[in-house]
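Participant: Start from chain A and add chain B with the ligands according to the hints.
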Amino acid sequence: MVSQTQTRVLTCIQCGKCTGSCPEAGRTPFNIRMLVRKKQFQSVVEESIPWYCTSCGACTLRCPRDVKPSEMIIEMRSALVENGAIPAAIQKALENTFVQKNPWGRSRAKRGAWFEKLDIEVPHISETESKRLLFTCCIQAYDPRCMVIPQNVATILTKGGVEFGVLGEEEACCGNEIRRVGESGLFEELQEENKAAFEEYGVKEIIALSPHCMNALKKEYGDLGIKIVHYTEVLAAMIKEGSIVPKGSFNKKVIYHDPCFLGKQNGIFDEPRSILNAIEGLEPLEFSRSRENSMCCEGGGGRMFFEVEATYQRNAEVRVQEAVEKEAEVIATSCPFCVMTLEDPATEKGITVKELSEILMEVL
Amino acid sequence: MNKVLVVGGGIGGITAALELASCGVSVTMLEEGPSIGGRMIQLDKTFPTLDCSTCTLSPKMVEVALNHNIELLSWAKPMAVKKAGQKFQVTILKKSRYVDIMKCTACGSCFPGCPVVMKSEFNMGTGPRKAIYIPFPQAIPNKASIDKREDRPCKAACVDACPIHTNVLGYLKHISEGRFTDAYMLIRATNPFPSVCGRVCYAPCEQVCNRGQLDDPLAIRDLKRFAVDRFDLDSLEPSQIQKTEKKVAVIGAGPAGLACAHDLAVEGHEVTVFEVLPEPGGMLRYAIPEYRLPKEELRKEIRYIERLGVTIRCGIEVGNDVTLDAIKNDYDAVFVGTGAPKGLLLDVEGENLPGVMDGLKFLRAVNSGESVETGKSVAIIGGGNTAIDCARTVRRLGSENVKVIYRRTRDEMPAAHEEIEALLQEGIEIQFLTTPVCFYADNGKLSRMECIRMKLGEPDASGRRRPVPVENSEFSISVDSVITSLGQATQTSFVEEIGVLLAKNGTIEVNPLTGLTNVEGIFAGGDVSTGPAYVVDAIAAGQRAALSISCYLKNEPATMTKAVKKPERLTEDEVVDLTAKIPRVGRIHMPEISVKERVTNFGEVAIGYSPEDAMAEASRCLAGHIEGCIQCGECEKLCEVRAVDHTMRDEIVDIEYDSIVLAPGFDLYDPTEKREYGYGTLEGVITGIEFERICSVTGPTGGDILLNGKTPRRFYFIQCVGSRDRQSGARFCSRVCCMYTAKHASIVKDRIKGAEIYVSYIDVRAYGKGYEEFYKSTQESGTFYIRGIPGEITKGENGLLVRVENMLSGEMREIEVDIVILATGVRPRKGTEELCNIMSIERDEYGFIKVDSITPSRTNVAGIFVCGMASGPKDVPDTVASGGEAASRCMEYINQ
Ligand SMILES: Cc1cc2nc3c(=O)[nH]c(=O)nc-3n(C[C@H](O)[C@H](O)[C@H](O)COP(=O)(O)OP(=O)(O)OC[C@H]3O[C@@H](n4cnc5c(N)ncnc54)[C@H](O)[C@@H]3O)c2cc1C
Ligand code: SF4
Ligand code: SF4
Ligand code: SF4
Ligand code: SF4
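Protein sequence lines, in the order shown, are assigned to chains A and B. For the first sequence, the numbering used here begins at 27 and goes up steadily by one. For the second sequence, the numbering used here begins at 38 and goes up steadily by one.
Chain B extracted, bound-state conformation:
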């Protein structure tokens, strides 16, 4: 079988390919872009018949896909051509599309999640598309592809460090470009508590952020809060959920339990949460103070979980009001997420005196609105986050002399650095290397605390240096109350009763990847199995358990969550390279209420970013610095048939052909350089091809002619822009613009009642059958043809001012319109030069492919033919004719 290569999948290439295939030739069609169709598929209608362009071309495109004699390669182009005798040895580059076309079903599930919004080439930039996309619904092949142009310069260590693998780079990309709702939804996709995490997460992501190796890490947490603040969760409707008839009990309404309940409810299970305290939220509700996490923020997120159908029953203590055994019998599975609610004891004399309080109990009382008397001088014992929460709360209750007593030094303090800073700013002192040894009372009231100085000895099991008392260094401090915050323990006797295994310290033993305990149907996670940790770890544990509970309920083996990749750092070379490329820009900090004001009340300290600051801060993300796909992996997560494959690589193949047909088509003149017309600077000045997209049903407005959401009423078309024009180097007439302008005018007349339409022309070229008649009927319908080309367009009071001489009457006019459409001329397609160079094809002075005058498809190289716009301006009928001519010349050559 003879083989022919057709380069270009526009109407020209399609015609040639179909003709050749019908003669029994095996055709390979190369299309540089994601789909065939060329320019014609971008058109709304075609002159002079006003047939729908898609309706005429689409069947032909499908024919290409179905024809057994045609092999279609999209994202492919020739790289080198060698003539071997009469034949051609062609090297073809197949660019990888990162989507397996054998698997992709064109379902479109992957697009919405992609955070990279780009201009749609198909819509000439009049509308957006994602980095993973199908250019238009009728695309052939109808498969997604990823526009990946370069490798991400950073390692996205943030995502790997985040226990719930938040798509950090994705939501930062959204924020940096002002898509705040999209950012929120992307965060929400993996996190039922964005507001909580946006405020109180310990942000392990920021600790590993690769930008930190250049200047400062991104404010990942604060930007999350920004996205949250601009979203009204109460107005978010949960999507329809298919019920499963399975019942799951969750013990404990902390973040682990609620996250688990959330995910189970989304899966359709009926979930009941049992909580001992009067309100759900666990430590979020009863430990974290209002000034860091306003209760209403938490309530909103819990309300949404309830709207998913989760029942939360408060005031029920499992083990006391109801046994776990009874619950186990009533439900198909149980998740235990009861946390670590007990404070540890100090174990010194006088600890039971009134005035000495446990930190957790103290915070719970304040958070419950009880009035707590702490007196003037208060000492807080401990160096963790809870100790600091206690101290800052006490300060807000009005105590003047607040002191934190810690037995090691600042370097060993487990509390977050920023929390310690805030504490110091608020005027609270920390006394390091000190520990209490005894509390004394006066008249039954706590009055004094005896302390001893410590020094650091050898490292202990935790790796920190062990504090040892300094002999004879006792001293005493007078205090009105003391709050101890030395760590937390679990309360797990109720699970032990049904045989669940506990570790020595009382935590529940689970498989950390699945949350499964040793008892069938009982799962656990969060602080109750790890000991005190962080909110986001608890959420992660709840989510992992929900996943394995779902599997368990379907009698499937537990799906292990994917092996976790360790956060990677930039290498030294990469740091040097990036430092050279990216200017140093430090973090933009979120503003806070002044210290003076904040210590007087429980109002939230951090105020939140302004949109401008948030966008500027988010745009520091290194991943956002590249064009195209940022390799965030969201599409991979969303694709059910696993068609996305980021490991694909470009391919190069060598194939021999008997002949070649070139049909690379055309581009349009970019009128930006004609500054007098203001294209690119004046709103409302567009080009003809952009206008086609705005008119088209497959366009960004669904076929409504809209400019910024409004229907324009006054239209001005200017012909010959960049054609017959020495200034732009194109002395030729583009042949299609007179007619497409007449077409545009008649489309407007048809769709917009009372539209006022002007067309500026030099002379109208409507040669041949049906064209002149079409021009005449356009005029008849009330389009004003003005002979005279405008000198300039400027912004007027209520629109665009077009200055033009109506030269048939000699009048100068200034016409005000809403939209100006420049009928830009044609140019050889970008890349035609390269294409011609690799096969030694000659071009004319404008870059169109040179042809023989009597055989208009024959190039200077025997065996290589050309059709369509590539050899000079042609409309669709002429292109089709030239496609047929090329095919027949090709057959002639092959059969020689």
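In isolation and in its complexed conformation, chain A is listed as follows:
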């Protein structure tokens, strides 16, 4: 029997729209259209190739024949995972996730460390009335750079009188990246674990702090019967209602980078911008490639965990360069992956990367 992916792949007309959309095309040995072609004929694909895909989703969103090339990549990676023919770093990340429920292998018990030092009380979901869950991403839970994001958002929500709770160490990695590196078994396990927790505590709404988690929870966990939003949607609405009012001013030129999982793949473009626009003194700028055409930062699809072989100018550098040319003082974004990839080249060029919640915290 031909798999679903295979039947889709067979309908490819080799129009090349996917390659024209792919952030890896041209600069790396990766050619997605060609991979589809090879898959049509079951030809051999060099093992290192499928790992370039950043899972930005552009190809799948634009393919006129609905071939879903990025899903095909996941399937190719699955085959590699099954054969153990995968980069060591990825192997490690998968093992870590299996044990500690996060790709870095940090202690699961420490997943709630981010709120321990906070002035405000962050209740466990079971203690809340609203059953509104604040869901953290592994990067935000463990990486010292990104830990401020949940801290900020929790503080802002509390200020605005929005009740929420957390799962703490009962929370597991959402699995978005795990599925994309081809480990569907582990993904299903993570999904089951999280689902069970949601069920146990009667979660009614989830505020995801990372677009990647939001994507997995919203689109890949099946119908949970739970309202799932990204935190920027909540904050934008709070500003609009007036439950939080940015008082101070932020007198800087700020250029906003649309994360693929928030923008392209989930259509959230205006909320983050409306938050920035509500801040006095802030002068918003736009990249020439923004919104649906935003340039992928190359942090997704497992690329966070390892370095690809080819050396080439990274998209993050291209991005930073444009920001510098446009005389931006701050690059703002709303995804922990983007913060991590953009920050290195940005620091090199003397420009700051700030997660939206960081800017907002400064003016509240």
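Treat the hints as calculated values from the structure; they're not laboratory data. Be aware that one or more of the hints could be misleading.
[Stated by the list, open to error] The calculated lysine-lysine pairs, modelled on BS3-like cross-linking and capped at a C-alpha distance of 27 Å, are: (1) A:266 / B:365; (2) B:492 / B:440; (3) A:157 / A:278; (4) B:413 / B:131; (5) B:40 / B:97; (6) B:832 / A:375; (7) B:180 / B:131; (8) B:674 / B:131; (9) B:140 / B:114; (10) B:365 / B:280; (11) A:279 / B:832; (12) B:602 / B:124; (13) A:278 / B:832; (14) A:253 / A:221; (15) A:352 / B:832.
[To be verified] Partial list, computed: chain A residues near chain B (C-beta under 7 Å): (16) 39; (17) 42; (18) 45; (19) 92; (20) 310; (21) 314; (22) 319.
What you are looking at is a predicted structure, and each value in this text was computed from that prediction instead of being measured. Built from N, CA and C at the ideal position, the CB exists for glycine as well.
Facilitator: The following block gives chain B with the ligands in isolation, referenced to the frame of chain A:
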């Protein structure tokens, strides 16, 4: 005779109709739009022969119009269809076009004046059209129509209140959309003094403006001034005038006389104006102070009147230097507009002392540049606009203690509210309920004025409460000079000499609608017949007189100007309704020079709007809030054959037909949702049909391929946009876009030397005779065909960046171009669904009309046939073939 209904006037419908008519069938053709021609008439050329599309189709369209067997109904569509036996009972909606097609001569006089600029559907929005329009020169029927979509929410009371019926809503519409010159020209169409009126009109329009019932009335006058400020009248060339050999004398160069002279000159009469003072302008020149109306503004408008051929002779006093009788003998007609130049007396003791001056004389002296000594303390007697002009002038001359003495209270003051405000701001005090009773001098110099307090008694003839002195309330004020401003009177003894009837107060008796006096050939108007009034009333009177003088000179009875409609207010319900719909936005005020600065000189106080503020203020006009015609009436004024009829109503008729042919055609895919291509957000990304319009001689650029006025050099065509595409729900191939793209590329090659052209394709579909050859010759001429569809288009440094994989070589490329043309696919015409529903016709999954596979014009309903794009993608030859097939199936059905 058998009757067939053909729905749709594209090439499909036209073919079917002509075939049926030639078989002796009586055909009714319904076309939803203003003209037949469909999409084909929008095309520049047709593939593969590159014949001019208009040249091929136009004769067929004319044939439809001339064929006695075809009745063409434009702006018409079927609303309901009932099958009655073998026949069909059809209810047809005939939308009114508000232009009588029996009268309209397609002269086009009405378009330029229309203030509503819309996107031309014919030009796919690449060019404008007016609300009254003919879509293209070859239109059939070649008649104007008005795009009226809804009733104006306001009553345009402004126009009715304006003595010269300025098209207020029209010029506000122009300003709100940034067409400042058009606004000026529209104002000028009824007013030779826009600058004067834009500054000093009392604006009766604003008093009745319906928006005032919601928040604030529009700043109609200030916006007029804005339009004036941005126009250089000296560069306006008067149009050629046909001379009449008739001579008219105008006595008095005030606004009444000059407006009359202006209109007479436009009619071709030779006009001479006699003026006693050294410069023309009347009160505008010698009474209104510089800070309200700069002299140069007035001079410009008078210069234009002189450029129309009017001779102005200053320094001649009629009645003294020359008699009216002598003038009457030398000229064919005379207009008297000498105003009311005499100040009224106060009639108290000491009035003749030096230091007591008449206000008009005082203003005349200052306006003539004479130095006038007023001293430190000055009292101005009176409460009208002239009194305020005097007071503010005195303030600017340096007097510190300026006081206005008025015998009633503020409520009764005749002066304009804003003038009183300005006066108070400038630190001038008004002493109410006070009147002088005697002036005293010291050593022959005025020193003191005795006043008495007044109180208000019973209302007098003017309806205002009469002031009566309060006994024993006398007190005195020390003054260096006194200026009296108590009203004005006419000086009309010179007209009395030739027997012109005067009223008791010395004004000339005239018929107010025609300006005619009791003496043949003598007309009069303005303050001389009404007593002191306002500039715009004088202009109106001069214009009315000019109209009747023209009639008189042609020996025609005087045309009365149309009965004036009273300004209407909104009803309470309408106010409630509009308040709910329209957010409150108050008036944006025109900035003024600070009080501190302004009182030191005679510079103009009001500065004028910025374009942004003017546009924002003008867009508050309620009439501008609707789509389409705003019912301003300009077209009606301009149409000489009186074809415009705003009272027309839609009609519904029921007619029986033996059979029906459907040819509603197609629309094009709107690529806005393909955000990666930036259609609608990136400049330079357009669609194929828009490109046809830009290439076409009947298009907005007259056939020059231009983008923002510049010739693009680098072209990128992308095929299959919205065709063969699951994302947009159309899995089918549109069949025409490969070929029209090849056509576009060869047109570009032909017209733009050295053009760089790329075409992105998946595979090229050039089936059948002549098509593949055409594709090949397009390639040969140097068009680069790239196999690979671009992923995205972004803005590059010097143009648009197209990211594409040349998949035959496996190279990724970023190609920079000036223009990207999306070969968008076809879709069933909007409205096809409704059309099918009323006659129970089945459609396919994309909405095209379902047909029988072996009889491709037969629908699921016997007796109803279809042709052209309506049943699926077809090019012109295929459409023509399907039109013929539909006609023959139709004959077969009828003759069964
Ligand atoms: C960019 C472009 C370039 C092209 N170039 C070529 C070319 O070079 N050569 C070629 O052979 N073909 C070309 N084509 C194809 C060609 O335009 C069509 O084949 C042709 O116009 C189809 O004619 P039609 O009568 O079926 O439909 P249409 O031309 O769409 O006419 C339908 C008419 O019906 C009217 N109508 C619709 N609904 C109703 C209703 N309910 N009641 C009354 N009236 C109604 C419409 O207003 C319209 O006037 C091109 C197409 C495009 C988009
Ligand atoms: S976009 Fe789709 S159809 Fe086109 S080449 Fe890529 S996978 Fe194939
Ligand atoms: S998902 Fe993005 S990175 Fe991966 S193949 Fe598609 S376009 Fe390329
Ligand atoms: S009434 Fe005015 S807006 Fe309407 S079509 Fe005539 S000129 Fe244009
Ligand atoms: S005709 Fe050509 S461009 Fe149009 S949809 Fe078919 S293949 Fe694509």
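Participant: Now tell me, hint by hint, if it's right for this structure.
Facilitator: Each hint tested on the structure:
For a cut-off of 27 Å, the pair hint linking residue 266 of chain A to residue 365 of chain B is broken: about 77 Å separates their Cα positions. Distance check on the hinted pair: residue 492 of chain B and residue 440 of chain B sit about 19 Å apart at the alpha-carbon level, within 27 Å; holds. For the given pair, residue 157 of chain A sits about 38 Å from residue 278 of chain A by alpha-carbon distance, which is inconsistent with the 27 Å threshold. In summary, the hint linking residue 413 of chain B to residue 131 of chain B is not supported, as the alpha carbons are separated by about 76 Å, beyond the 27 Å threshold.
Restraint check for residue 40 of chain B and residue 97 of chain B: the C-alpha separation of about 21 Å stays at or below 27 Å, so the hint holds. For the given pair, residue 832 of chain B sits about 24 Å from residue 375 of chain A by alpha-carbon distance, which is consistent with the 27 Å threshold. With a C-alpha separation of about 15 Å, the suggested pair residue 180 of chain B and residue 131 of chain B falls inside the 27 Å cut-off, and the hint holds. With a CA separation close to 26 Å, the supplied pair residue 674 of chain B and residue 131 of chain B stays within the 27 Å bound.
Between the alpha carbons of residue 140 of chain B and residue 114 of chain B the distance comes to roughly 23 Å, so the proposed pair stays at or under 27 Å and holds. This hinted pair checks out: residue 365 of chain B and residue 280 of chain B have alpha carbons roughly 21 Å apart, not beyond 27 Å. Restraint check for residue 279 of chain A and residue 832 of chain B: satisfied, since their Cα atoms lie roughly 21 Å apart, inside the 27 Å limit. At most 27 Å may separate the alpha-carbon atoms for a hinted pair to count; residue 602 of chain B and residue 124 of chain B exceed this at roughly 51 Å.
A C-alpha spacing of about 24 Å is found between residue 278 of chain A and residue 832 of chain B, which places the hinted pair at or below 27 Å, so the restraint holds. Only pairs whose Cα atoms come within 27 Å are accepted, and residue 253 of chain A paired with residue 221 of chain A is accepted, the gap being roughly 14 Å. Distance check on the hinted pair: residue 352 of chain A and residue 832 of chain B sit about 14 Å apart at the alpha-carbon level, within 27 Å; holds. Given the 7 Å rule on beta carbons, the hint for residue 39 of chain A holds: about 6 Å separates it from the nearest Cβ of chain B.
Hint on residue 42 of chain A holds. Least Cβ distance to chain B is approximately 3 Å, under the 7 Å limit. Among the interface hints, the one on residue 45 of chain A holds; its C-beta lies about 4 Å from the nearest C-beta in chain B, closer than the 7 Å criterion. Proximity of residue 92 of chain A to chain B holds as hinted, the smallest CB-CB distance being about 4 Å (cut-off 7 Å). Annotation: interface hint on residue 310 of chain A violated; nearest CB of chain B at approximately 16 Å, more than 7 Å.
Evaluation of the residue 314 of chain A hint against chain B yields a held restraint, the C-beta minimum of about 5 Å falling below 7 Å. Restraint check, residue 319 of chain A versus chain B: the minimum CB separation of about 5 Å is within 7 Å; hint holds.
Of the numbered hints listed earlier, those contradicted by the structure are 1, 3, 4, 12, 20.
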